[in-house]
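J.: If you want the building blocks of each chain, they are given just below.
Protein chains: 2
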Amino acid sequence: MAKRRKSIYECQAFLNLKELAENPFDMTVEGALDSERLETFVCKGIEFDLLYGCQRVTTDVLDCLQSLADECGLVGQYEEMRAGAVMNRIERYPSEERQVLHTACRDVFSKTAANDAAVIQVKRELAKLQEFLAEIDNGKIRNTAGETFTSLIHVGIGGSDLGPRSIYEALKAYGRKDRKVYFVSNVDPDDSAAVLDRVDLSKTLVLVVSKSGSTLETLSNESLVRNALKEAGLDPARHCLAVTGESSPMDNHERYLRSFYMFDYIGGRFSSTSMVGAVTLGFALGYNQVLEFLKGAWLMDEAAAERNIRGNIPLLLAMLGVWNHNFLAMDTVAILPYSQGLHRFPAHLQQCDMESNGKSVQRNGEPVRYKSGPIVWGEPGTNGQHAFYQLLHQGTEKVAVEFIGFRKSQRNRDMCIQGSNSQQKLLANLLAQSLALAVGREDENPNKNFAGNRSNVILMGERLTPKSMGALLALYEAKIVFQGFCWNVNSFDQEGVQLGKVLADEILGAMAEKRNGKTLAEALLAVAGIS
Amino acid sequence: MAKRRKSIYECQAFLNLKELAENPFDMTVEGALDSERLETFVCKGIEFDLLYGCQRVTTDVLDCLQSLADECGLVGQYEEMRAGAVMNRIERYPSEERQVLHTACRDVFSKTAANDAAVIQVKRELAKLQEFLAEIDNGKIRNTAGETFTSLIHVGIGGSDLGPRSIYEALKAYGRKDRKVYFVSNVDPDDSAAVLDRVDLSKTLVLVVSKSGSTLETLSNESLVRNALKEAGLDPARHCLAVTGESSPMDNHERYLRSFYMFDYIGGRFSSTSMVGAVTLGFALGYNQVLEFLKGAWLMDEAAAERNIRGNIPLLLAMLGVWNHNFLAMDTVAILPYSQGLHRFPAHLQQCDMESNGKSVQRNGEPVRYKSGPIVWGEPGTNGQHAFYQLLHQGTEKVAVEFIGFRKSQRNRDMCIQGSNSQQKLLANLLAQSLALAVGREDENPNKNFAGNRSNVILMGERLTPKSMGALLALYEAKIVFQGFCWNVNSFDQEGVQLGKVLADEILGAMAEKRNGKTLAEALLAVAGIS
Numbered sequence: 001m002a003k004r005r006k007s008i009y010e011c012q013a014f015l016n017l018k019e020l021a022e023n024p025f026d027m028t029v030e031g032a033l034d035s036e037r038l039e040t041f042v043c044k045g046i047e048f049d050l051l052y053g054c055q056r057v058t059t060d061v062l063d064c065l066q067s068l069a070d071e072c073g074l075v076g077q078y079e080e081m082r083a084g085a086v087m088n089r090i091e092r093y094p095s096e097e098r099q100v101l102h103t104a105c106r107d108v109f110s111k112t113a114a115n116d117a118a119v120i121q122v123k124r125e126l127a128k129l130q131e132f133l134a135e136i137d138n139g140k141i142r143n144t145a146g147e148t149f150t151s152l153i154h155v156g157i158g159g160s161d162l163g164p165r166s167i168y169e170a171l172k173a174y175g176r177k178d179r180k181v182y183f184v185s186n187v188d189p190d191d192s193a194a195v196l197d198r199v200d201l202s203k204t205l206v207l208v209v210s211k212s213g214s215t216l217e218t219l220s221n222e223s224l225v226r227n228a229l230k231e232a233g234l235d236p237a238r239h240c241l242a243v244t245g246e247s248s249p250m251d252n253h254e255r256y257l258r259s260f261y262m263f264d265y266i267g268g269r270f271s272s273t274s275m276v277g278a279v280t281l282g283f284a285l286g287y288n289q290v291l292e293f294l295k296g297a298w299l300m301d302e303a304a305a306e307r308n309i310r311g312n313i314p315l316l317l318a319m320l321g322v323w324n325h326n327f328l329a330m331d332t333v334a335i336l337p338y339s340q341g342l343h344r345f346p347a348h349l350q351q352c353d354m355e356s357n358g359k360s361v362q363r364n365g366e367p368v369r370y371k372s373g374p375i376v377w378g379e380p381g382t383n384g385q386h387a388f389y390q391l392l393h394q395g396t397e398k399v400a401v402e403f404i405g406f407r408k409s410q411r412n413r414d415m416c417i418q419g420s421n422s423q424q425k426l427l428a429n430l431l432a433q434s435l436a437l438a439v440g441r442e443d444e445n446p447n448k449n450f451a452g453n454r455s456n457v458i459l460m461g462e463r464l465t466p467k468s469m470g471a472l473l474a475l476y477e478a479k480i481v482f483q484g485f486c487w488n489v490n491s492f493d494q495e496g497v498q499l500g501k502v503l504a505d506e507i508l509g510a511m512a513e514k515r516n517g518k519t520l521a522e523a524l525l526a527v528a529g530i531s
Numbered sequence: 001m002a003k004r005r006k007s008i009y010e011c012q013a014f015l016n017l018k019e020l021a022e023n024p025f026d027m028t029v030e031g032a033l034d035s036e037r038l039e040t041f042v043c044k045g046i047e048f049d050l051l052y053g054c055q056r057v058t059t060d061v062l063d064c065l066q067s068l069a070d071e072c073g074l075v076g077q078y079e080e081m082r083a084g085a086v087m088n089r090i091e092r093y094p095s096e097e098r099q100v101l102h103t104a105c106r107d108v109f110s111k112t113a114a115n116d117a118a119v120i121q122v123k124r125e126l127a128k129l130q131e132f133l134a135e136i137d138n139g140k141i142r143n144t145a146g147e148t149f150t151s152l153i154h155v156g157i158g159g160s161d162l163g164p165r166s167i168y169e170a171l172k173a174y175g176r177k178d179r180k181v182y183f184v185s186n187v188d189p190d191d192s193a194a195v196l197d198r199v200d201l202s203k204t205l206v207l208v209v210s211k212s213g214s215t216l217e218t219l220s221n222e223s224l225v226r227n228a229l230k231e232a233g234l235d236p237a238r239h240c241l242a243v244t245g246e247s248s249p250m251d252n253h254e255r256y257l258r259s260f261y262m263f264d265y266i267g268g269r270f271s272s273t274s275m276v277g278a279v280t281l282g283f284a285l286g287y288n289q290v291l292e293f294l295k296g297a298w299l300m301d302e303a304a305a306e307r308n309i310r311g312n313i314p315l316l317l318a319m320l321g322v323w324n325h326n327f328l329a330m331d332t333v334a335i336l337p338y339s340q341g342l343h344r345f346p347a348h349l350q351q352c353d354m355e356s357n358g359k360s361v362q363r364n365g366e367p368v369r370y371k372s373g374p375i376v377w378g379e380p381g382t383n384g385q386h387a388f389y390q391l392l393h394q395g396t397e398k399v400a401v402e403f404i405g406f407r408k409s410q411r412n413r414d415m416c417i418q419g420s421n422s423q424q425k426l427l428a429n430l431l432a433q434s435l436a437l438a439v440g441r442e443d444e445n446p447n448k449n450f451a452g453n454r455s456n457v458i459l460m461g462e463r464l465t466p467k468s469m470g471a472l473l474a475l476y477e478a479k480i481v482f483q484g485f486c487w488n489v490n491s492f493d494q495e496g497v498q499l500g501k502v503l504a505d506e507i508l509g510a511m512a513e514k515r516n517g518k519t520l521a522e523a524l525l526a527v528a529g530i531s
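If you're matching them up, the sequences are chains A and B in order. So the first sequence is numbered by the UniProt record's numbering: it starts at 1 and just counts up by one. So the second sequence is numbered by the UniProt record's numbering: it starts at 1 and just counts up by one.
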């Protein structure tokens, strides 16, 4: 075990890569980036191809990244994780000591599951969901006036919000026309107020999502929504659904029409394929689409067990990320989907990646001795081209870019303008940006000069569907997990959120008692002019 | 002139700051951050106070930043800009050679305008807008069936989209209940298709925004929308409005119900207070609210002319940003509004900042010798606390944080839960995060240890209103301009978007002619599997 849990600094390959990084591949040299390179540096996988010719890598670098992955035992650890090892822990110190089994949520298609016990629980919840959705369809579940439910408000925050929200946005082109979904997350009361102004509560289900059943924001928003239901003369228990841990404070059949369970072995930010995402997606799209979504994720999970980095997209993407971040000093990763449906997916990955790998302690309790997780950000193209791409091309900061594109649009509503349709324009821009970043252009006007050598990859799929969305999600989940193993951090806890909670309670106490100016928190309250 | 256009590297204060940066103020030392410091490091300004006690600065550092601002002549240049100097230029090379007069859009309240000629044009457009809005109200403008218009689709991209969109989102709590606004920006055909699926076109105005009248994405989306109007049996010329340059290809009264003008001296990303933002905001909120919005911006513009950094919020924020970026090596700025209404405002600032200052060439044509503009990103709190704050607290990357908060919510729909209402919880979390980042916490469990010394500021306002939104926008516009002056870059061009356009055209040509594999662009097309 200890041998496998090496961090990158202890590997021979690390030293070799450091040397190679002194002279990285120069894409701007005439002929360096040619057709052959573009054709060679492609990894074909589930639902997506990864085009990585525009990375500053040579076959030597790839070989070393392979060695690094092998020395760190990345795939071995991934397999341990899927089988149910207690991966959420820090040695020698109190820690969460949990299994990490979000992959079990979609391991329902295997003949032999990686972890039977979890998959049995997962299947039980799926069956409950199938029955629940059928009962809405066949009229067993209706409002007190006997009408069918047409809207759902999803109340959650962080891992209980960003995943489901971004995936719903990505797939709503396939949504049932008779159903609408709204999301409330922020404790800012304006968030719930804006949604409550728009819905017909009498026909609205309210899905409250909190694993612990005690998330402050979610409980506050639930109370605001329940209050609105009561004011509308409705019985909240006939409208509210729960996704929570079994026997949490929210697991209460008197208060909720139905409870769906999530489990300790599923972290919030990895919970999109659990009931956290499945209930809302099921309501919006139907049960079969949920299965398609899970199937895409499962196929990617299976593919991620390949040891050859050249044949494993998530692993290759992880190792290219390590190369860019730890060796070529790119501190941030921009995720730029050329697909309007994915407009919130970068925000989900920002969460999933930064909360997982934004750590400074190794799993052995020692401080990390190099950089761990990068900053992740991004907006859809082509929008971003008219916004921040200026800096990507000509700024002093170097950004690792991950493009995502699809050959076909979702809605098939297009027309030819000036010789091409919009989907063609979208794709042409995606490819053009990739090349422009890589090769640059010399110009005697320094302001029109493009230095090039800006590393990027393209994840290219056929169409954004429930299945490809599942695959894309699982791809990034696996990438993040592989990188965490590589940096030897615990990607599954989030101790960094605790101190803020403690201080917020102190400030709320000071507000309640009108204390003013004695402690630092009280002083700040006064300075901010908050009474 | 030349003397004033010093960049920071040439200033004595630069050397002094470099020395001070070797030993920056340590906020984690017991008692270092106390009530007195919090009370002292406050800058009171228009609609906002800036709380900067949680920056790693001393009075010495502030004095040096003042010297730097003075040596670079920042306020002088700002005044020149407002008066109409040709600030959009690069010496010795062909460049845009334009004035920079977005401030004129709100300089309509001054007794003596900084630039008369521009303000005359601005007032003319405002009068046109007022009349147009009145005619919708009084029924002069109606659809062919004699009905009133209830929806508006805003079609634009980049500077013609993100500003108006984020400000509309921020202010829709004050929106007229009888009107809805939609936005279409991406050339992805799914973007317009999703909006067209939702609106009743017969009662919908379509505002097409493009200064040049030739933006590819916008013209494509306009065509898709016009086509949908025709398919619905409607006459596009009765529904479409234009915001464009006078005598641009879009300035055509046969095709548009009305044209509103923007001018060469207003850059896209600085155009939110021009007709680019005002028409949509006027439709949604009414004309008087537009004036309130402009007034807030104007008041901030006036306040930004103060030379004392301790009394000028935009200038102080700019200089603190330079300190963090150039001296303390923070490569990114996170903008974290504790206000759901501002959920897209970080995306607008990302554009406005990164497209302005993501440059590598000084205004004298020489390369920049230090870092220019940082990466800007962010999401609203408290959402972000459950997402990426883990990295802010405990990651290996250091991020400069700018919090924005308001003492009161917009919609006044709140309730007390567990001793506090949601607005109080929101504010308590904002203050708690500021302190937690700054002071950190020692713990013998290294995984629960918070190193602290994470620099942050709080911009605190009373309530998010049209007026405070105007002030906030102008605050950041001025901050960006001051930083651009400091780095001696031209913040007003965007040459970095050109190469991508050229390559996209080449790829579209290859698509049309089914060329495959000869040039690099054609090879990438083949590798990506696009036929």
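Because the hints were derived from the structure by calculation, they are not lab data. You may find that some hints are simply not true.
[As the list claims (entries may be wrong)] Keeping only pairs whose Cα atoms sit at most 27 Å apart, straight-line, the calculated BS3-like set for lysine-lysine is:
#1 A:Lys140 to A:Lys203
#2 B:Lys408 to B:Lys177
#3 A:Lys203 to B:Lys408
#4 A:Lys371 to B:Lys448
#5 A:Lys44 to A:Lys123
#6 A:Lys501 to B:Lys448
#7 B:Lys518 to A:Lys172
#8 A:Lys448 to B:Lys111
#9 B:Lys501 to A:Lys448
#10 A:Lys180 to A:Lys408
#11 A:Lys177 to B:Lys230
#12 A:Lys408 to B:Lys518
#13 B:Lys128 to B:Lys111
#14 A:Lys518 to B:Lys230
#15 B:Lys180 to A:Lys180
#16 B:Lys398 to A:Lys398
#17 A:Lys18 to B:Lys398
#18 A:Lys448 to A:Lys408
#19 B:Lys408 to A:Lys514
J.: For every hint, state whether the structure bears it out.
T.: Hint by hint, here is what the structure shows:
no.: 1; hint: A:Lys140 to A:Lys203; result: 14 Å, holds
no.: 2; hint: B:Lys408 to B:Lys177; result: 22 Å, holds
no.: 3; hint: A:Lys203 to B:Lys408; result: 31 Å, violated
no.: 4; hint: A:Lys371 to B:Lys448; result: 19 Å, holds
no.: 5; hint: A:Lys44 to A:Lys123; result: 31 Å, violated
no.: 6; hint: A:Lys501 to B:Lys448; result: 13 Å, holds
no.: 7; hint: B:Lys518 to A:Lys172; result: 39 Å, violated
no.: 8; hint: A:Lys448 to B:Lys111; result: 41 Å, violated
no.: 9; hint: B:Lys501 to A:Lys448; result: 13 Å, holds
no.: 10; hint: A:Lys180 to A:Lys408; result: 25 Å, holds
no.: 11; hint: A:Lys177 to B:Lys230; result: 24 Å, holds
no.: 12; hint: A:Lys408 to B:Lys518; result: 24 Å, holds
no.: 13; hint: B:Lys128 to B:Lys111; result: 22 Å, holds
no.: 14; hint: A:Lys518 to B:Lys230; result: 68 Å, violated
no.: 15; hint: B:Lys180 to A:Lys180; result: 18 Å, holds
no.: 16; hint: B:Lys398 to A:Lys398; result: 16 Å, holds
no.: 17; hint: A:Lys18 to B:Lys398; result: 23 Å, holds
no.: 18; hint: A:Lys448 to A:Lys408; result: 33 Å, violated
no.: 19; hint: B:Lys408 to A:Lys514; result: 17 Å, holds
In terms of the numbered hints stated before, the structure departs from hints 3, 5, 7, 8, 14 and 18, listed from lowest to highest.
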